[in-house]
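**Q** From just these sequences and the hints, can you work out the full model?
Under the numbering used here, the sequence shown has 378 at position 163, and the numbering climbs by one with no breaks.
Please note that a few of the clues may not be correct.
[Unchecked claim] No more than 27 Å apart at the CA atoms, straight line, and that leaves these computed lysine-lysine pairs for DSS-like:
#1 K435 <-> K489
#2 K490 <-> K470
#3 K470 <-> K435
#4 K489 <-> K470
#5 K435 <-> K490
#6 K470 <-> K495
#7 K383 <-> K435
[Unchecked claim] Label pairs and their in silico Cβ distance ranges:
#8 Q354 <-> G288: 21 to 29 Å
#9 F359 <-> F485: 38 to 46 Å
#10 Y437 <-> S314: 49 to 57 Å
Source of the hints: derived by calculation from the structure; they are not laboratory data. Glycine residues also receive a C-beta, built at the ideal position from the N, C-alpha and C atoms.
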Amino acid sequence: MMRKLFTILSAVLLYTTIAFGQFSDDPAAVDIPLSATDGTNVILLAVGLDLTATNGIDPALDETDLPPFPPSGVFECRFDLTPYAGEPLSSYLDYRNASAFPFTGVVEHTLWFQVSVPALPIDITYDIPTGAEMMITDQSGGSFLTIGPFTGVGLATIPGSYTAVFGKAFVIMDYDAIVTDVITSIVPEEFTLFQNYPNPFNPVTTVQFQVPQTGNVTIKIYDMLGQEVRTLFAGEVVRGTYTANWDGLNDAGIKMSSGSYIYRMIAGEFVQSKKMILLK
216 MMRKLFTILS AVLLYTTIAF GQFSDDPAAV DIPLSATDGT NVILLAVGLD
266 LTATNGIDPA LDETDLPPFP PSGVFECRFD LTPYAGEPLS SYLDYRNASA
316 FPFTGVVEHT LWFQVSVPAL PIDITYDIPT GAEMMITDQS GGSFLTIGPF
366 TGVGLATIPG SYTAVFGKAF VIMDYDAIVT DVITSIVPEE FTLFQNYPNP
416 FNPVTTVQFQ VPQTGNVTIK IYDMLGQEVR TLFAGEVVRG TYTANWDGLN
466 DAGIKMSSGS YIYRMIAGEF VQSKKMILLK
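**A** What follows is the structure in structure tokens.
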């Protein structure tokens, strides 16, 4: 089993052409950034609407047809455009056409994924603007998976019981008279280390952090004596929002005892610490 649930995002940096902070100066009119992780790599995604968008690849909106999936054992998550474009295409971005704004309607996106270890859940962070909500379902009418609806800012989890069997799901966006001037974004303006959730926790908790610029980030966990327990994350990231999961193990893979721990984020001159509580 993988002991370090969050490692350097070298694979993610291969895709910086679509990463937060590196979109073109004229993104889609309605741009809803998402991020997905199974606890290893983070994949940056987006859905939305634009007057010029099609069901296929839209280079003007930074959509790029991706190469085949990586080998098994590597987390990957993207949108399968094939059912809508009529040809085999996939992209981290999936913008669709709006004939006019305000726009009302339901848009279906096919999320295509591969977890690094069988039965790992997938956490999806979202920041959904006013006038929209998101649901995630299976492709069989919701018989095996229905989560949501989601609005605002938060985290959606596709359970491991689903990823162990299926490799695709529907992301359904329901727009209600949405207009372009109410769009919010999770592109951060400052460094932020959020409180872990859940807290207290057992067996796994999630640490979310934001960075406003490309740079190196380190997140480490310490016991109350100041002894280093776990390097939760260490690597270079682009501007965006990220999550890291801690399963209560130290760097040697040994289960830590219940009690209070400190997690600390260092990014250049930025240093911030918070407390978490591990239950029995």
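**Q** Work down the list of hints and note, for each, if the structure agrees.
**A** Here's how the hints hold up against the structure:
1. At roughly 11 Å between alpha-carbon atoms, K435 and K489 fall within 27 Å of each other, so this suggested pair holds.
2. Simply put, K490 and K470 have alpha-carbon atoms about 18 Å apart, close enough for the 27 Å limit, and the pair holds.
3. For the hint linking K470 to K435, the alpha-carbon distance of about 16 Å falls within 27 Å, and the restraint holds.
4. Simply put, K489 and K470 have alpha-carbon atoms about 21 Å apart, close enough for the 27 Å limit, and the pair holds.
5. The suggested pairing of K435 with K490 holds, with an alpha-carbon distance near 12 Å, which does not exceed 27 Å.
6. Under the criterion of a C-alpha separation no larger than 27 Å, the hint pairing K470 with K495 is consistent with the structure, at around 11 Å.
7. Straight-line distance between C-alpha atoms of K383 and K435 comes to about 33 Å, which puts the hinted pair past the 27 Å bound.
8. In this structure, Q354 and G288 meet the distance hint of 21 to 29 Å, their C-beta atoms being roughly 24 Å apart.
9. The given range of 38 to 46 Å is respected by F359 and F485, whose C-beta atoms sit roughly 42 Å from each other.
10. Range check, Y437 to S314: about 55 Å between beta-carbon atoms, so the 49 to 57 Å window is met.
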